[in-house]
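> One letter stands for each residue in the lines below.
Protein chains: 4
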Amino acid sequence: MSSVFGTLFRVSPFGESHCAAVGAIVDGAPAGMALGERDIQPQLDRRRPGQSELSTPREEADLVSILSGVENGVTLGTPICLLVHNRDQRPGDYQEMANIPRPSHADYTYQAKYGIRASSGGGRASARETIGRVAAGAIAEKYLAQIWGIEIVAWVDSVGPIDGGAVDRESITRELVDATVVRSPDAEAAIAMAELIAKVRDGNDSVGGVVGCVCRNLPAGLGEPVFDKLDALLAHAMLSLPAAKGFDIGSGFSGSRMLGSAHNDPFVRKGSRLGTVTNFSGGVQGGISNGEPVYFRVAFKPPATVALGQQTAAFDGTEALLQAKGRHDPCIVPRAVPIVEAMAALVIMDLLLRQEYRKK
Amino acid sequence: MSSVFGTLFRVSPFGESHCAAVGAIVDGAPAGMALGERDIQPQLDRRRPGQSELSTPREEADLVSILSGVENGVTLGTPICLLVHNRDQRPGDYQEMANIPRPSHADYTYQAKYGIRASSGGGRASARETIGRVAAGAIAEKYLAQIWGIEIVAWVDSVGPIDGGAVDRESITRELVDATVVRSPDAEAAIAMAELIAKVRDGNDSVGGVVGCVCRNLPAGLGEPVFDKLDALLAHAMLSLPAAKGFDIGSGFSGSRMLGSAHNDPFVRKGSRLGTVTNFSGGVQGGISNGEPVYFRVAFKPPATVALGQQTAAFDGTEALLQAKGRHDPCIVPRAVPIVEAMAALVIMDLLLRQEYRKK
Amino acid sequence: MSSVFGTLFRVSPFGESHCAAVGAIVDGAPAGMALGERDIQPQLDRRRPGQSELSTPREEADLVSILSGVENGVTLGTPICLLVHNRDQRPGDYQEMANIPRPSHADYTYQAKYGIRASSGGGRASARETIGRVAAGAIAEKYLAQIWGIEIVAWVDSVGPIDGGAVDRESITRELVDATVVRSPDAEAAIAMAELIAKVRDGNDSVGGVVGCVCRNLPAGLGEPVFDKLDALLAHAMLSLPAAKGFDIGSGFSGSRMLGSAHNDPFVRKGSRLGTVTNFSGGVQGGISNGEPVYFRVAFKPPATVALGQQTAAFDGTEALLQAKGRHDPCIVPRAVPIVEAMAALVIMDLLLRQEYRKK
Amino acid sequence: MSSVFGTLFRVSPFGESHCAAVGAIVDGAPAGMALGERDIQPQLDRRRPGQSELSTPREEADLVSILSGVENGVTLGTPICLLVHNRDQRPGDYQEMANIPRPSHADYTYQAKYGIRASSGGGRASARETIGRVAAGAIAEKYLAQIWGIEIVAWVDSVGPIDGGAVDRESITRELVDATVVRSPDAEAAIAMAELIAKVRDGNDSVGGVVGCVCRNLPAGLGEPVFDKLDALLAHAMLSLPAAKGFDIGSGFSGSRMLGSAHNDPFVRKGSRLGTVTNFSGGVQGGISNGEPVYFRVAFKPPATVALGQQTAAFDGTEALLQAKGRHDPCIVPRAVPIVEAMAALVIMDLLLRQEYRKK
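Protein chains in written order, with the working numbering: chain A, 1 to 360; chain B, 1 to 360; chain C, 1 to 360; chain D, 1 to 360.
Derived by calculation from the structure, the hints in this document are not laboratory data. Glycine residues also receive a C-beta, built at the ideal position from the N, C-alpha and C atoms. A few of these clues could be false.
Ranges between beta-carbon positions, derived for each pair [stated by the list, open to error]:
1. A/Ala-61 / D/Gln-146: 52 to 60 angstroms
2. C/Val-74 / A/Ala-179: 40 to 48 angstroms
3. D/Asp-202 / C/Ala-198: 53 to 61 angstroms
Subject to a maximum C-alpha distance of 25 angstroms in a straight line, what follows is the list of computed SDA-like cross-link-like pairs (lysine to any residue) [unchecked claim]:
4. B/Lys-325 / A/Leu-259
5. D/Lys-325 / D/Ala-145
6. D/Lys-270 / C/Lys-270
7. A/Lys-270 / B/Leu-54
8. C/Lys-270 / D/Ala-189
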């Protein structure tokens, strides 16, 4: 296991899907910042299951408690322990999988690596693992917004083959994103996406999707070449999410098809700083933020646990038909939106603290 | 700067494009392994400029010396210092850029971050930065091949809009890849790619591309959830490369458009272990290798330095026309092939050492 | 704050003296190991306040709960969250110190560093901070004992000017140490130590002391030169403890007064391995264990909080007389014994995991 | 091996005693700082062998070259490669030790750990290993002196049983220290120390000693509890030095014998800040600097390599008489002075960069 993320702002999440609690320790949070559960709960609410008929029916209020690091509503600079109790556990749902590893889930690889795995649900390879990330990210977000005016907004870019339209990265807000249950700001596409997810759910199947994200108002200078470049850390953070299979930033994969003369972002005076006319770079050049919006995409595969019968093999190699039970999302991208935002916040927060030493 | 990569197998590269030398320290290399410059030079030769008319005319032999960590041709377990002298420096080529930051290059962001930048060439934001990575990667590769039989092969998947055909990930070799100067195993596409690069070069422009890579014979169990998952570290490694803008693994972005029932990889007995029938997972489930080939793609943007005149702004905000000189690749993906292989080797090596502790 | 210790076995403790809970996350604990609260509680019991009249009257049962990482009494290889609730909090006891920093305590330096400090008690600079360390250390100790037969025993070497006699490092056990409330195996000295502590307590004063520790049955080969040498990590671990002011290993400071001919430990065959005739090296040569017992000492200053009036200055610089309230130990070394053992276990555990990769 | 030190200011030294070169990479050095070899050479000169008849006759000029990270005499913020060639190698001197591990040296433990060791001299367990540290430390020292006015001065406190007198920590300078070849500011003691070293040398023996060090003008607030406390990192740094066996800070071991009422340092107004009347704390409280001078001691054992015959065992367990050749210091503390200063500088530099983020 490697369960610590960050260099100066360090997050250590913990918790399996069916143990007593999940959460995280946040080490390195700035002292003297007003902080309460009310700052953290909203993103957990956006992440929690059961928000609509399109997500898993597991019922979890996911109420967070701050156990340390905050006194009289103000951070002390000491480690902040964030705790969320697991409530709606149904270990019995997983007996089918005792002998048969779910195809494309982590049952087999955890067993291969650790010689043991959580008998109920996905253990650490469960979406519940992300609660600690989201709670920690909310602390980072508060600091970034308050001190730097940084805004991070993610949305659903596509669900299966259905693409949302272009998003105005300068103006998109979480309110606009949350206007539809699928969290796609393109109202028309959102309807089609919701229909597809409902259909997939009713067919005991699942479907993938892509989340887009923009981070506005980053100062120029964030990112630590050559290994901890801003884009490299974002890629690391996003690919560490359950079910993530791809990441690109700025023009990304489509930019690889372009000529340099068309792809280069010419500089232009923007107030007292240099900005760029276009932003194919996605706000990052040489791994360092240039002051333009940073935007990127994260591709998620369809959830592996489907109730449809699957011909596969048991752990012992014999052929088997798996009909998975348990409560699972037919499509995770709507709930992935706050998770992607959280991970972006953790990356930016850590790089800001690492950069600020030049301030003197 | 953050110039150390890895947890147990740690690489610290150094060197600007126009200083005395570039190279790397490799800390944590296993002791007792036969090692000489001859093990490292071949990948540097595949990386070096001037291999064909399609790359920069900068002339560098890039001969590596091992300064420490090896005695009588055998590693001691101590840090290995790898050194390559810079020879063909032409600082004068960069006077045009003294006042005008190159669009989409790192001139502006380095200046913003550090308050200074290398006056000649790209400094650390130069392709020469990757020499240390490739040299270090060659050491990892030798260990991986010898002890584990691991094979890592990368190739050019696309150049601009020209796609190479499907690659047989089970059988592709470096020899097959090197059969064409563009390093695309699809002979027909390779010709079109070479023509496009030549045309772009003659037009003083540049073009992007995609590199594909497969890693075979990884044991199951590599990867450290939840943050140092195999795919997360590969994404980190690849996005830390100059000009990289995207990464996906297995089905990647296209997998996000699929249904779970089609995307899941059913298990099947393969000799004494479980394997999968399909491999949309790209050899990784839950962030841990499952024993199937790991494959991924890396998208590279077109090189930012083009000789075509560009309307942009100078550092002081005034409008300016930049006609960049210097010697640059019109397309970097052919030379990126050994670099991608090196970074993959560094990731796998480190995870192997981190995993082996379970052996007892 | 920097609240993560270790490279592969990583401990992230948290909690102030007067917040809701203290504890730790343990990341990297081996999977498949039987573990329950009963494995951890004994060392917490040896550490907790109120064990005798010689320690603080604060009443804390310090009962630990395992919240994650263990299922059906077996570790999963995932992060283990250990939680101990704070119960006997009396914030009112600290009003005297609101304006007057306690001499030689951390009130002033925390305020200088963070611009804020816990208003009640020492916050993170409290002995309660060590609960997370001891709980985590107990997990390491179980593994070390079970798999490697490693034994770690600490004792009180001196209290103020009273020295305990020589300790037989080959045979000393925790039972022998716990035979007296001061935890000095020298029965006669123990009586004098207890009398001194009682007298100091009654005089509203405090007194320092030294803890000795031996670690037996370490395999040769532990320690990662040149920076993570076994002795360097032990020194780091011990000096990170509250009130620690010194560390030496083997002959230590007294060895600096010797000649090499007398200090060198000649080798001799011991069964199938080489051992040494003497052990001035303290089991470590070149920063690597040699298979002989590792032993060291840790010096602790007298606790800073004393009820005796002290002429000092308030935060605003005005002269002030401080008469500290609160419940504090007159001498911490008896309770420091399990804490020193815990930190030794954390260091050895991490180095064992880092070394085992050579096993293949 | 673990050959990287620091979190933001990271040093990766390399090089065996008899390979081509020794040196270090410094990552994270601030950009825009004037730097040349002349800033680094003086401390290497103070460290190099052959400075007097009291040190090893190995002849090494130890001239340093800066290979990267500096352009036109100014740092770029990129990794700085520092290189010193090994010149006076005499591998033949070590044939006696091929089969017989030197008592109390690292021959046996390196062989046990790595299964191999440098056949000539101590490899990485040689005093030459410290060249990279000293060179890197000189860069840190320049920054600390220039930007913060920090002064670091070490001296020889004792040689064998001969103690130097009290040192005025407020006024001691390197010039005063270097006034005698043994680097003890107590002129009378220095004569006795020199005589002892000469006698020990002539007797083919060696002797230990203690180095004292003071760091003045540190701002309050340096140190990252609970693990990267200033004193904990100093202890780590010092115990990582070859032959170091002990460390204490402030009152150290002697403070453990005191009462709290005598040991506590009362606060007093000093200009615009609080200072302390006494300084038993050694400038550190709760692991954080308080603005008073930080002072500590490092105990070094007698060098293990002595020409006197030693009855010991060969690697194969047979009894053997070892008469070591090679060129070795009879006492290392005079040369350890700049090494201790360098390590102190590395610790303070890193903590300063980690602390400065609060500046905003």
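> Tell me if the beta carbons of A/Ala-61 and D/Gln-146 are separated by a distance inside 52 to 60 angstroms.
holds, 56 angstroms
> Can the suggested window of 40 to 48 angstroms be confirmed for the beta-carbon pair C/Val-74 and A/Ala-179?
holds, 47 angstroms
> Would the hint linking A/Lys-270 and B/Leu-54 be met if the CA-CA limit is 25 angstroms?
violated, 37 angstroms
> Checking one constraint from the list: CA of B/Lys-325 to CA of A/Leu-259, max 25 angstroms. Satisfied?
holds, 18 angstroms
> Using the beta carbons of D/Asp-202 and C/Ala-198, state whether their distance is inside 53 to 61 angstroms or not.
holds, 55 angstroms
> Verify the proposed pairing of D/Lys-270 with C/Lys-270, using a straight-line Cα cut of 25 angstroms.
violated, 61 angstroms
> For a C-alpha distance cap of 25 angstroms, please report whether D/Lys-325 and D/Ala-145 respect it.
violated, 41 angstroms
> Would the hint linking C/Lys-270 and D/Ala-189 be met if the CA-CA limit is 25 angstroms?
violated, 43 angstroms
Of the hints listed earlier, those the structure fails to meet are numbers 5, 6, 7 and 8, in rising order.
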